[in-house]
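Student: Read top to bottom, the protein sequences are chains A and B.
For the first sequence, position 48 (counting from the first letter as 1) is numbered 49 according to the working numbering, and the numbering increases by one without interruption.
For the second sequence, position 184 (counting from the first letter as 1) is numbered 215 according to the working numbering, and the numbering increases by one without interruption.
Don't take each hint at face value.
Stated by the list, open to error - Examples of chain B residues lying across from chain A (beta carbon under 7 Å, computed):
#1 Ala87
#2 Val204
#3 Leu246
Stated by the list, open to error - Simulated coverage check for chain B against chain A, where a stretch passes if three residues somewhere in it have a Cβ under 8 Å from a Cβ of chain A:
#4 69 to 76
#5 88 to 96
To be clear, the hints were calculated from the coordinates, so they are not data collected in a lab.
Just so we're clear, the structure is a prediction, and the values are computed from it rather than from any experiment.
Built from N, CA and C at the ideal position, the CB exists for glycine as well.
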Amino acid sequence: MKELLQLAWDVLLFRHESYVQHAARADALKRGLALVVLVALLAGLIPFFINVVGDLRPMAIEARRQEAEEGMQEFTQSLAAMRQLFDVPPEFERQMTAYMRAGMRIGSRIEALPTRLPKPVGRVLQDLGAFLSLPFSRLAGWIGYSIWVLLVAKLLGGRATASQMLGATALYAVPHVLEILDFVPCLGATLGLVAVVWGIAIYVKALAVANDFSMGRATVATVVPALIGGALILLGLMGVLILALVSR
Amino acid sequence: MKALIRLAWEALFLSEEPYAEMRESSNSALRGLGIVALVALAVALAGLAGTALEWATTPNMDDIQQVVWEGIQKMPWYQELQSEREFREGVQQQYELWWRIFPQLFAPNIASAALRIILLPLGLTLTWFLYGVVAHLFARLLGGQGGLGQMLGCTALAVAPQLLNLATFLPYVVVGGVVGTWTILCRYVALKTCHRLTWGRALAATLFPYVALALLVSSFACLGSVATALIFGGGTSQ
């Protein structure tokens, strides 16, 4: 563990030797995966505890209703703000409020229905399930994108195997530990943005080291799949737009 | 059994050694079958445990259906139109129809989870065998040197990402799409190692079965559309 933490620190500081040593290891992917999982769990730890404490607190149904009522008031205020910019009919606001109230009533009645195991057990299991799902969604995003980066890197003359390449690029996850403060208004979003930029820089550096090629090529390999994806989405949207115009 | 689990675990990390070990094994296809069955059984059992816990922490679906129905009846749009008998009956019919489908999709079902103990090993074995044979044909066409038995042994190791599904022994855990992507990577390493192919050829041989399947499904869909149009289209032209 100490070794892994040292690696994480060196990676954050872009120490070239640490990248080279990590990429050359036979267990680079194992260590990389361990880092990705660890970071995802750490980042989700505080929200998990907040949720568990909130769910275990003996909260009366009335208090929950009150909480929902406050949320609805916020929504009504945002509708009022929208009215200044757009032409929102007053009937729309009245209907939205009525439907939201009806939805809340249904939600609170379902919440009050009995379960075979005590309610708090179910709530904690739900929180735990959501918390343990975090590494999987991070892994899916990273592997899903890296598979395309691997292809472009190979076409650009990269020498890394799939295992080496994934092991090296997994290091991108380290700065995302900053997401532990995601729940803090404003600061959380700022740190999240810092983590994304820092993570991309680490990704490019790790890619260059693993494939033994220049930072320029690594940047191209990292960016090209995103550009192609963006272009395809744009083409798709344009296609839909043209179809809509033609069928008018 | 311990050796098989070790091989599957090592194969998960895309190292070529476990795949090479499988290729050199004297009965690689049989060992492969053992791995597929073992992994599928473990995953299905974990899923059963998770589903049972989810079922025990979810209210009865009939009660939820009743609560939602009562809620709908109190909604403004329903109250405005409830005097019309046709409307009332139509909404209730649609609602009941929807509730026949909805629980099958989202509600925890212990019977389905138990059935997976048989269906998952069967399904994974069938997929493994079909993919193995088709990918072997493409690999041979691209200059591969491995035998079919070796190929089946190596591609069996590509079920290793299914091990991630063991996490579903805890309810509400979502593993998601990572298993599918990781499986493609494992299959690529399996083909590359088994047939000693270059990366480009290994990639092509890995993806060809997927392309072939997509083409097959599209062709059937097109044929189905044409057949439907011929059957029902003829009746409307007068």
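Student: Each of the hints needs a verdict: does it hold here or not?
Tutor: Hints and how they fare:
1. This hint holds: alanine 87 of chain B has a C-beta 4 Å from the nearest C-beta of chain A, less than the 7 Å allowed.
2. For valine 204 of chain B, the shortest C-beta to C-beta distance to chain A is roughly 5 Å, which falls under 7 Å, so the interface hint holds.
3. A hinted interface residue such as leucine 246 of chain B counts as satisfied when its beta carbon comes closer than 7 Å to some beta carbon of chain A; here the least separation is about 20 Å, so the hint is violated.
4. Note: the stretch 69 to 76 of chain B has 0 residues with beta-carbon separation from chain A under 8 Å; the three-residue rule is not met and the coverage is violated.
5. Residues of the stretch 88 to 96 of chain B lying with their CB closer than 8 Å to a CB of chain A number 6, which satisfies the three-residue condition for coverage.
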